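Engineer: Each chain, written out:
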Amino acid sequence: MNTIEFTLVVWVASFLAGLLGALTGLGGAAILVPVLTLWFHVHIHYAAGAALVSVIATSSGAAAAYVKEGYTNIRIGMFLEIATTIGAVIGAYLATKTPVEGIAIILAVVLLYSGYVSGRSQPEHPIGVRPDPLAGVLRMHGTYPTPEGQRSYLVSSVSKGFGLMFGAGTLSGLLGIGSGAVKVLALDQAMKLPFKVSTTTSNFMIGVTAAASAGVYLRRGYIDPSLAMPVMLGVVAGSFLGAKLLARAKTQWLRRVFAVVIITMALELIFNALTGRL
Amino acid sequence: MSFNWTDEKTEQVIGNLLRAGVLISAFVVLAGGIYYLVQHGAGHKDYHEFHGQPQYLCTVSGVVASALKHDSRGIIQVGLLLLVLTPIARVFFSAISFGLEKDFTYVVVSLVVLAVLIYGLLGS
Chain A
1 MNTIEFTLVV WVASFLAGLL GALTGLGGAA ILVPVLTLWF HVHIHYAAGA ALVSVIATSS
61 GAAAAYVKEG YTNIRIGMFL EIATTIGAVI GAYLATKTPV EGIAIILAVV LLYSGYVSGR
121 SQPEHPIGVR PDPLAGVLRM HGTYPTPEGQ RSYLVSSVSK GFGLMFGAGT LSGLLGIGSG
181 AVKVLALDQA MKLPFKVSTT TSNFMIGVTA AASAGVYLRR GYIDPSLAMP VMLGVVAGSF
241 LGAKLLARAK TQWLRRVFAV VIITMALELI FNALTGRL
Chain B
279 MSFNWTDEKT EQVIGNLLRA GVLISAFVVL AGGIYYLVQH GAGHKDYHEF HGQPQYLCTV
339 SGVVASALKH DSRGIIQVGL LLLVLTPIAR VFFSAISFGL EKDFTYVVVS LVVLAVLIYG
399 LLGS
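Sequences listed follow chains A and B, in order.
If you read the first sequence in our numbering, its first letter stands for residue 1, the second for the next number, and so on.
If you read the second sequence in our numbering, its first letter stands for residue 279, the second for the next number, and so on.
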C-alpha cells in the first residue's frame with residue numbers, strides 16, 4: 001500500500017470507529033488504538049497519539065451540543081478536571097516508562113470493562129441520594145431538562161468521585177483514550193448523577209483531560225501528523241454522522257455488537273502482548 | 279456596567295467556542311493533509327517501529343516555524359495544536375465567566391486546571 005491508499009483505509013476505519021462510538025456512547029478512541037495496532041500494525045505509541053487528538057475532537061464536538069442543551073453540570077466538570085488533568089499528565093509520563101506489552105494489557109482490561117458497562121442498562125434518575133455537604137458548599141447540586149420540565153438532583157460522595165477521576169485521568173494519559181467508562185462509573189455510581197447528566201459531564205471533561213496529556217505526547221514524538229490526520233478527520237466525520245443518526249438508530253443491538261467487538265479486540269491484544277507480537 | 283452574567287450565557291459561549299475550535303482545526307488538518315498527500319502520496323510509510331518524530335515536530339515553536347515554511351507535516355501539526363488549544367481556551371473562558379458571576383471558588387478551580395494544562399503543553 002502506498003501512502004494515499006493507507007491514508008484512505010485508515011480514514012474509513014476511523015470513520016466507522018467514530019460512527020459506532022457516537023451511536024453507542026462509548027467514544028471511538030477506545031477501539032481506535034487496538035484497530036490501529038492489530039489491523040494496521042501501527043506502533044502502540046503512534047496509535048495512542050493519533051487516538052488522543054481524536055478524543056479531543058469528538059469530545060469537544062459533542063460537548064458543544066450537550067452544553068447548550070443544559071445537561072452538562074459545568075461546576076462538577078470543572079472541579080473534577082483538577083483530578084483528571086493531574087492524572088493525565090502523570091499517565092502520559094508513565095506511558096513513556098511502561099513497556100508496550102504492559103500498555104496493551106492495561107488497555108485490554110479497560111476495553112473489557114467498557115464492553116461490560118455498555119451491556120448494562122441504567123436507570124434514568126437515581127433515587128434516595130444522600131447529598132454530600134461538600135457538594136452543597138461547591139454548589140454542585142443542579143437541574144436538567146426532562147420532557148416534564150426541569151428536574152433537580154443532589155450530588156453524593158464528592159471525594160470518592162474525585163479519587164476515581166484521578167484514576168480515569170491517569171488511564172487516559174497512559175493509553176491515549178477518553179476512558180469515558182471509568183468517568184461514568186465515578187459520576188453515576190459514586191456521585192449518583194442522573195444518567196444524562198453523568199454521560200454529558202463525562203464527555204465534557206474528556207477533551208480537557210486529553211489536552212493535558214497531549215503536550216507530553218507531542219514532546220515525546222507520539223503524535224505523527226501524517227497518521228493522526230486521517231484518524232482525526234475520519235473520527236470527526238463519523239461521530240458527526242453518528243450524532244445525527246442517534247435519534248433514529250436502534251442503539252440497543254448496536255451496543256451489544258460493539259461490546260462483542262471490543263471484547264474480541266481486548267482478547268486479541270492480550271494474546272499478542274503475551275506472545276510478543278506487538 | 280449593569281449586566282447579569284448567568285450559567286446559561288456561559289453554556290452558549292462555551293458551546294460555540296468548542297464547535298468553532300473543532301471546525302477550524304479540522305480544516306487546517308485537511309488542508310495540510312491534502313498538501314502532504316500531493317507531495318508524498320506515492321511513497322511508503324511504516325508505523326510499525328517507533329522512532330518518535332523529528333525534533334521540529336515536537337515543540338510548539340518548532341511546529342509553528344515549520345508550518346510557516348510550508349512544511350505539510352508542520353501544517354497538519356498546527357491543526358492538531360489548534361485542537362489541543364480548544365479545551366484550554368474553554369477553561370480560560372470558564373475562569374472569566376465564573377469571575378463575572380462572582381463565583382470566586384470556581385475562578386480558583388478553573389485557574390488550577392489551566393495551570394496543569396499549560397504545564398502539560400509546555401513542560402518544565
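Honestly, the hints are just simulated from the structure, not real lab data.
Keep in mind that this is a model prediction, so the values were computed, not measured.
A couple of the hints might just be wrong.
[Said to hold, decoys possible] Simulated crosslink set (DSSO-like; lysine-lysine; CA at most 30 Å straight-line):
no., chain 1, residue 1, chain 2, residue 2
1, A, Lys-196, A, Lys-250
2, A, Lys-160, B, Lys-380
3, B, Lys-380, A, Lys-68
4, A, Lys-196, B, Lys-287
[Claimed, not checked] Quick list of simulated restraints, FRET-style, between CB atoms:
no., chain 1, residue 1, chain 2, residue 2, range
5, B, Tyr-397, A, Glu-5, 37 to 43 Å
6, B, Glu-379, A, Arg-277, 52 to 58 Å
7, B, Ile-312, A, Leu-241, 18 to 24 Å
8, A, Met-1, B, Glu-379, 52 to 58 Å
9, B, Phe-382, A, Leu-274, 19 to 25 Å
10, B, Leu-389, A, Ala-249, 28 to 34 Å
11, A, Thr-275, B, Gly-330, 22 to 28 Å
No residue lacks a Cβ here, since even glycine has one placed at the ideal position from N, Cα and C.
Engineer: Work down the list of hints and note, for each, if the structure agrees.
Structural biologist: Status of the hints after comparison with the structure:
no., hint, in the structure
1, Lys-196/A / Lys-250/A, "18 Å, holds"
2, Lys-160/A / Lys-380/B, "28 Å, holds"
3, Lys-380/B / Lys-68/A, "22 Å, holds"
4, Lys-196/A / Lys-287/B, "21 Å, holds"
5, Tyr-397/B / Glu-5/A: 37 to 43 Å, "40 Å, holds"
6, Glu-379/B / Arg-277/A: 52 to 58 Å, "54 Å, holds"
7, Ile-312/B / Leu-241/A: 18 to 24 Å, "21 Å, holds"
8, Met-1/A / Glu-379/B: 52 to 58 Å, "54 Å, holds"
9, Phe-382/B / Leu-274/A: 19 to 25 Å, "53 Å, violated"
10, Leu-389/B / Ala-249/A: 28 to 34 Å, "41 Å, violated"
11, Thr-275/A / Gly-330/B: 22 to 28 Å, "26 Å, holds"
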